[in-house]
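Chains G and F supply the protein sequences, listed in that same order. Going by my numbering, 261 is the number at position 121 of the first sequence; the sequence numbering is gapless. Going by my numbering, 61 is the number at position 59 of the second sequence; the sequence numbering is gapless.
These are computed hints drawn from the structure, not numbers from a lab. Treat the hints with caution; some may be incorrect.
Looking from chain F toward chain G, a few residues come up when the C-beta cut is under 10 Å (computed) [said to hold, decoys possible]: (1) 232; (2) 382; (3) 386; (4) 392; (5) 394; (6) 396; (7) 397; (8) 398; (9) 400; (10) 406; (11) 412; (12) 416; (13) 432.
The calculated lysine to aspartate or glutamate pairs, modelled on DMTMM-like cross-linking and capped at a C-alpha distance of 20 Å, are [said to hold, decoys possible]: (14) G:279 with F:426; (15) G:279 with F:287; (16) F:339 with F:373; (17) G:279 with F:401; (18) F:364 with F:287; (19) G:218 with F:287.
Predicted model, so just to flag it, every value in this text is computed and none were measured. Every residue gets a Cβ at the ideal spot worked out from N, C-alpha and C, and that includes glycine.
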Amino acid sequence: MLRIRDLRTSVEGKEILKGIDLEVKAGEVHAVMGPNGSGKSTLAHVLAGRDGYQVTGGDVEFLGQDLLDLEVEERAHKGLFLAMQYPVELPGVNNLTFLRESLNAVRRARGEEEMDAVGFMKLVRRKADEVKLDHKLLKRSVNAGFSGGEKKRNEILQMAMLEPRLAILDETDSGLDIDALRTVADGVNMMRSPERALIVVTHYQRLLEYIEPDHLHVLAGGRIVHSGGKELAFELEERGYGWLLEENAA
Amino acid sequence: MTLQSQAVSDFQKATQHYIAGLPLDRGAWLTDHRWSAVTRFSDLGFPDKRQEAWRYTSIEGLLKQGFVTSDSDMEVVGTEFEHHFLDGPTAGRVVFVDGAFQPSLSDTHVPGVRINNLRSAMETSDLETLKSVGTLSGPGTHGFSALNMATMRDGALIRVSAGLRLDAPIDLVSISTSSASGRAMRPRHLIVLEQDAEATLVERYLSTSDNAYFTNLVCEVLLEEGASLVHQRVQQESPSAYHLADLHIELQADASYRGVNLAIGGAWSRTKIGNSFAAPGASCELHGLYLAGEGQLVDFHLDVDHGVPGCDSRENFRGILYGNGRAVFDGRILVQKQAQKSSAHLSNANLMLSRRAEIDTKPQLEILADDVMCSHGTTVGQIDPQALFYLRSRGLSEERARRLLCLGFASEILEQFESGSLQDHLAELIQQKIGSETKGAS
Numbered sequence: 141m142l143r144i145r146d147l148r149t150s151v152e153g154k155e156i157l158k159g160i161d162l163e164v165k166a167g168e169v170h171a172v173m174g175p176n177g178s179g180k181s182t183l184a185h186v187l188a189g190r191d192g193y194q195v196t197g198g199d200v201e202f203l204g205q206d207l208l209d210l211e212v213e214e215r216a217h218k219g220l221f222l223a224m225q226y227p228v229e230l231p232g233v234n235n236l237t238f239l240r241e242s243l244n245a246v247r248r249a250r251g252e253e254e255m256d257a258v259g260f261m262k263l264v265r266r267k268a269d270e271v272k273l274d275h276k277l278l279k280r281s282v283n284a285g286f287s288g289g290e291k292k293r294n295e296i297l298q299m300a301m302l303e304p305r306l307a308i309l310d311e312t313d314s315g316l317d318i319d320a321l322r323t324v325a326d327g328v329n330m331m332r333s334p335e336r337a338l339i340v341v342t343h344y345q346r347l348l349e350y351i352e353p354d355h356l357h358v359l360a361g362g363r364i365v366h367s368g369g370k371e372l373a374f375e376l377e378e379r380g381y382g383w384l385l386e387e388n389a390a
Numbered sequence: 003m004t005l006q007s008q009a010v011s012d013f014q015k016a017t018q019h020y021i022a023g024l025p026l027d028r029g030a031w032l033t034d035h036r037w038s039a040v041t042r043f044s045d046l047g048f049p050d051k052r053q054e055a056w057r058y059t060s061i062e063g064l065l066k067q068g069f070v071t072s073d074s075d076m077e078v079v080g081t082e083f084e085h086h087f088l089d090g091p092t093a094g095r096v097v098f099v100d101g102a103f104q105p106s107l108s109d110t111h112v113p114g115v116r117i118n119n120l121r122s123a124m125e126t127s128d129l130e131t132l133k134s135v136g137t138l139s140g141p142g143t144h145g146f147s148a149l150n151m152a153t154m155r156d157g158a159l160i161r162v163s164a165g166l167r168l169d170a171p172i173d174l175v176s177i178s179t180s181s182a183s184g185r186a187m188r189p190r191h192l193i194v195l196e197q198d199a200e201a202t203l204v205e206r207y208l209s210t211s212d213n214a215y216f217t218n219l220v221c222e223v224l225l226e227e228g229a230s231l232v233h234q235r236v237q238q239e240s241p242s243a244y245h246l247a248d249l250h251i252e253l254q255a256d257a258s259y260r261g262v263n264l265a266i267g268g269a270w271s272r273t274k275i276g277n278s279f280a281a282p283g284a285s286c287e288l289h290g291l292y293l294a295g296e297g298q299l300v301d302f303h304l305d306v307d308h309g310v311p312g313c314d315s316r317e318n319f320r321g322i323l324y325g326n327g328r329a330v331f332d333g334r335i336l337v338q339k340q341a342q343k344s345s346a347h348l349s350n351a352n353l354m355l356s357r358r359a360e361i362d363t364k365p366q367l368e369i370l371a372d373d374v375m376c377s378h379g380t381t382v383g384q385i386d387p388q389a390l391f392y393l394r395s396r397g398l399s400e401e402r403a404r405r406l407l408c409l410g411f412a413s414e415i416l417e418q419f420e421s422g423s424l425q426d427h428l429a430e431l432i433q434q435k436i437g438s439e440t441k442g443a444s
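Only chain G is shown next, with the shape it has when bound in the complex:
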């Protein structure tokens, strides 16, 4: 589904990603871990197409297409979704209006019919229940005044509505208490399917107790320095990142 080859990316002239290779197949869940400043969020953002990241080398293939050649919204239309670490507050933009516009934009791009108001409301209520998002928040402005947990649930709700092929969760666990973490993880687990892949970017191993990855990669200094199965998470919990960084330097 996703093949990243020797991806190099700079931010303001400074190279952050120094050659990433990663292959993600449909049905798989990959975790990307690493210390602060290792380039985890940069990887997530460059895949979603955020401004300010210069790709200086390598390529990314997503469902057989050159991902880096696509506009931000085209990536979303193709089925890429980024759940953000810091969801943006949009005062005055109604959450329901936003969700509906978003869903219909993606449906149009897929050649499907737009969803009518009744069908949409049914769907959004059901999905909101699944991610335990208070229905009152649907009527408010997007993320404006939401708590950290509510913002993350709202991200998962968007993901559940758009049903992407590949979802990237960027530090979705940051700032969450244990209950919120569990709800968010449940929401993510519900999305697991043989047709869908997930990349979970996280600083802490905690989230992986709830979302079990098939593969785990350690990113450090802009490179994947180690890959393994889910058991690697526990090793990292025990030993920290130090041994990997030393091993890599040696």
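Starting from the known structure of chain G, arrange chain F on it as the hints suggest.
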């Protein structure tokens, strides 16, 4: 001779000629008022850029258009304008087409509300109604308002009886057609709410053509003790039109005025809102949203005068500018020495969608009392790139994302229009207006 002084003498002659030609049965009693307004006009002349209040707003283009004061006797029947009426129940409707009152389109039979029009009040010498006309505005504070007094021919006169609470809005709509082309119309409205009356007035200026004309409006609003008015105003004139509105609001004890103004049309528009508190305990809220695009100028001047203690004022205006659109915002609050325990807050935020757009914003707080709560804030910003990325990452096109963010910015003001269908309609207008302009704006 300069353009202006030439224009003043031309206008003076034309106005004198106009007044002399008025039929005697049409408001002859007003003739003295008219002549004194002509004198006033001659003294004041037209405003120019040397005056601080007109520094950023040139009237040269307006004078060059050479609009002619003339009356329309056109009386419209039929349904052609019905789709411009407010949706839902109303407590009266007053319709003007090209400046002339339209009896068959209007609904003036509302128990407890006297709805009349200036022209018929003049024709019937209804002094009871007419005596208040001009009491708040005086003979004019600048040349144009003096000309309004000198040549006014029609307008709405609305008086809501003491204690009456209207649960539906009064619809006051002025529609300009292609016949208005080249003309100056000088409507004058007078709205009085007697003691403890409550009402909502929706006042709109629309056009069915793209022609150039000039609306030179004066509107006086008097709220007696304990009265409460929600005043929703929409300026949606033709894209070539000129629109100059002077609002004079006076609030007596414990009265409450909440106004919301949307300026979206016209090539050139200026709205001056003056509020004065006549007695303690009153409150005045002024909200506004203006949009200015290619070739457009929009100007709002607010002048809130706290001359008595214990009154509240709050002003919140927002602007969206694109293309080479220009806006002027001047919010003046004067808290006089004796006006202790006043509260006055002013906020103006502007969203610039283009580098070529221009805003001149000037909050002016003059506070002479020492026991008051006052604040002001002004911002000028662009669309947040992070917000744009967020929306696009959810599949929205850049154009659609920009529009949604603009509407979000406007929503705080639009909500003041209360009626859902009016809000939706105005949101749609805003989207149409900024639609193509926001695409790849630079």
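Status of each hint after checking the structure:
For residue 232 (chain F), the interface hint is violated, the least distance from its beta-carbon to any beta-carbon of chain G being 21 Å, above 10 Å. For residue 382 (chain F), the shortest C-beta to C-beta distance to chain G is roughly 17 Å, which exceeds 10 Å, and the interface hint is violated. Because the beta carbon of residue 386 (chain F) sits about 7 Å from the nearest beta carbon in chain G, less than 10 Å, this interface hint is met. A distance limit of 10 Å between C-beta atoms decides the matter here; for residue 392 (chain F) the minimum to chain G is near 4 Å, and the interface restraint holds.
A hinted interface residue such as residue 394 (chain F) counts as satisfied when its beta carbon comes closer than 10 Å to some beta carbon of chain G; here the least separation is about 4 Å, so the hint holds. Below 10 Å, beta-carbon pairs count as interface contacts, and residue 396 (chain F) has one with chain G at about 4 Å; its hint therefore holds. Evaluation of the residue 397 (chain F) hint against chain G yields a held restraint, the C-beta minimum of about 4 Å falling below 10 Å. Evaluation of the residue 398 (chain F) hint against chain G yields a held restraint, the C-beta minimum of about 5 Å falling below 10 Å.
The criterion of a C-beta within 10 Å of any C-beta in chain G is met by residue 400 (chain F), whose closest approach is roughly 7 Å, and the hint holds. At a threshold of 10 Å, the smallest CB-CB gap from residue 406 (chain F) to chain G is about 6 Å, leaving the interface hint in force. A distance limit of 10 Å between C-beta atoms decides the matter here; for residue 412 (chain F) the minimum to chain G is near 7 Å, and the interface restraint holds. The beta carbon of residue 416 (chain F) is positioned within 10 Å of a beta carbon in chain G (closest approach about 9 Å), and the interface hint is therefore held.
Nearest Cβ of chain G to the Cβ of residue 432 (chain F): about 12 Å, over the 10 Å cut. The hint is violated. A hinted pair counts as satisfied when its Cα atoms are at most 20 Å apart, and residue 279 (chain G) with residue 426 (chain F) qualifies at roughly 16 Å. With a C-alpha separation of about 26 Å, the suggested pair residue 279 (chain G) and residue 287 (chain F) falls outside the 20 Å cut-off, and the hint is violated. Between residue 339 (chain F) and residue 373 (chain F), the direct Cα distance comes to roughly 10 Å. Compliance with the 20 Å bound is thereby established for this hinted pair.
Of the supplied pair hints, the one linking residue 279 (chain G) and residue 401 (chain F) is violated, its CA atoms being roughly 24 Å apart against a limit of 20 Å. Restraint check: the Cα-Cα separation between residue 364 (chain F) and residue 287 (chain F) comes to about 18 Å, which is no more than 20 Å; the hinted pair holds. Simply put, residue 218 (chain G) and residue 287 (chain F) have alpha-carbon atoms about 48 Å apart, too far for the 20 Å limit, and the pair is violated.
Violated hints, listed in ascending order, are 1, 2, 13, 15, 17, 19; each of the other numbered hints is respected by the structure.
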